[in-house]
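*Asks:* Residue numbers (the numbering used here), protein chains in the order written: chain A, 21 to 109; chain B, 146 to 486.
Errors might be hidden in some of the hints.
Example chain A residues on the side facing chain B (calculated, C-beta under 10 Å, incomplete) [stated by the list, open to error]:
id	residue
1	S66
2	I68
3	T72
A partial selection of chain A residues facing chain B, derived with a Cβ cut-off under 10 Å [to be verified]:
id	residue
4	I67
5	G69
6	A74
7	G78
8	V109
Everything labelled a hint here was simulated from the structure, so no lab data went into it. Positions of the beta carbon are idealized from the N, C-alpha and C atoms, including for glycine.
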Amino acid sequence: MVEKEVTVTNRAGLHTRPASMIVRTASQFKAEFYIHKDGYEINGKSIIGVMTLAAEQGATLMLICDGPDENDAIEALSKIFADGFGEVV
Amino acid sequence: MARRAKMFKKESISVAFAVEQLQKSVGMTAKALNYTDAETRLITESNLHRPGMALAGYLELFTHQRVQVLGNTECRYLANLETDEERKKAFNNVLKFPIPCIICTEGNVLDEPLLALATNAGVPVYVTEEPSTRFMYLLRDFLEDQFAPQQSLHGSLIDVYGIGLLMIGPAGIGKSEVALDLVERGHRLVADDVVMATRKEGQVVMGSGTDLVQHFMEIRGLGLVDVRAMFGIRAIRFQKRIEVVVNLHPWDPDEEYTRLGMMEETYDILGAQLPLVLLPITPGKNVTVLCEVIAMNHLLRHYGYDPAEVFAERLSERIRKKGMASSDPGRGIEYFEHDYE
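So that you can see chain A by itself, here it is in the shape it has in the complex (with noise of 0.2 Å):
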């Protein structure tokens, strides 16, 4: 299990898009992936899970991945949040 922490960067926050874009590259691994915000924790392969969550920008989140490709699971989505998604910082 690897984990690792990341700030969402974008201005709009953790809307619909960047939240597609997460799950997207998630389900392309093996990994099991979750997302800790506050306490709280959802299956970052699951869309309506990442909405949940409701990030806005400045919000820190901790990325866990478990299974046999965590290494390269999270190195993909830490990269996704420091990008921004590709939107205004």
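Given the coordinates of chain A, work out where chain B should sit on it, guided by the hints.
*Replies:* Quick look at chain B alone, frame taken from chain A:
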């Protein structure tokens, strides 16, 4: 099995929030008697305290961090003190501690000088018309609920024949599809994808959706579906006790599945042990109907009928009688008369 999500609980709620919610959700009015910053005054536990002993001057073991309830006894005691000075002294015994708030019951009000002391100390004072016991019962129940352990679960919660069925399993196994199928058959959706579980007393775990998602669900290939808009009010509910957990997973030849009795295993949610059914998914299997059977079986067992037990009893009875009658497996009916239906 999936990694277990962490539980969380509220550390505190503000006095203003508690009073507002008491009015809104419990229908109990408490009127503020002084102006204080009730938004930042925090309640941190569900227990209540009646500070009779503290007013009288005995301060050892005074549980000042609790909500302080002044009933008839406390108010009468204060009123019966000789002078204003004595009253202030008694009241200060309570106020010198960082108490969250004071609530007077049965319409008892405090004198102006005492209220001024409370305002100076920043302690909000409220009055309610409710009798002490009833008020304390309702407030405690409300606070217990606020401070109850909670956990978010990945799954679908449906009311099937009145039984709260929580379907869990890996992403993409078809939980939402089964939930939709159950709704189509007249059952009621509580939440899909993210279920918020709250542990109540005993083995009771209550489930609901989140305030944002409510009755939306995602069906892969279709997108978002609003079950309430599509199927109407009959297809949803906002809360349900979680009574049975159904774990959907791809069929595994090495896994040992229950054959005769159902629900021997349990699933832990926030420390409560709930009956668990492992349901392997194979092509052509109608999971919806199986979920209905699981719910009905739970109902039967709840009312004291266990099919596995009944059958075992029937079998032993037959074995005991061996020798008396023919030992071959008999036809289920003695004589077909002339009925060829």
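*Asks:* Each of the hints needs a verdict: does it hold here or not?
*Replies:* Verification of the hints:
1. Contact between S66/A and chain B, as hinted, is supported at the beta carbon level, the nearest pair being about 5 Å apart and thus within 10 Å.
2. The beta carbon of I68/A comes within 4 Å of a beta carbon in chain B, closer than 10 Å, and the hint placing it at the interface holds.
3. For T72/A, the suggested interface contact is upheld, since its CB lies about 5 Å from the closest CB of chain B, less than 10 Å.
4. Interface hint status for I67/A: upheld, as the beta-carbon distance to the closest one in chain B is roughly 5 Å, under 10 Å.
5. A distance limit of 10 Å between C-beta atoms decides the matter here; for G69/A the minimum to chain B is near 5 Å, and the interface restraint holds.
6. At about 6 Å, the closest approach between the beta carbon of A74/A and any beta carbon in chain B falls short of 10 Å, and the interface hint on this residue holds.
7. Checking G78/A against chain B: minimum C-beta separation of about 19 Å lies over 10 Å; hint violated.
8. The closest approach between the C-beta of V109/A and any C-beta of chain B is roughly 25 Å, which is over the 10 Å cut-off, so the hint fails.
Figure legend: structure checked against the earlier numbered hints; hints not met, in rising order: 7, 8.
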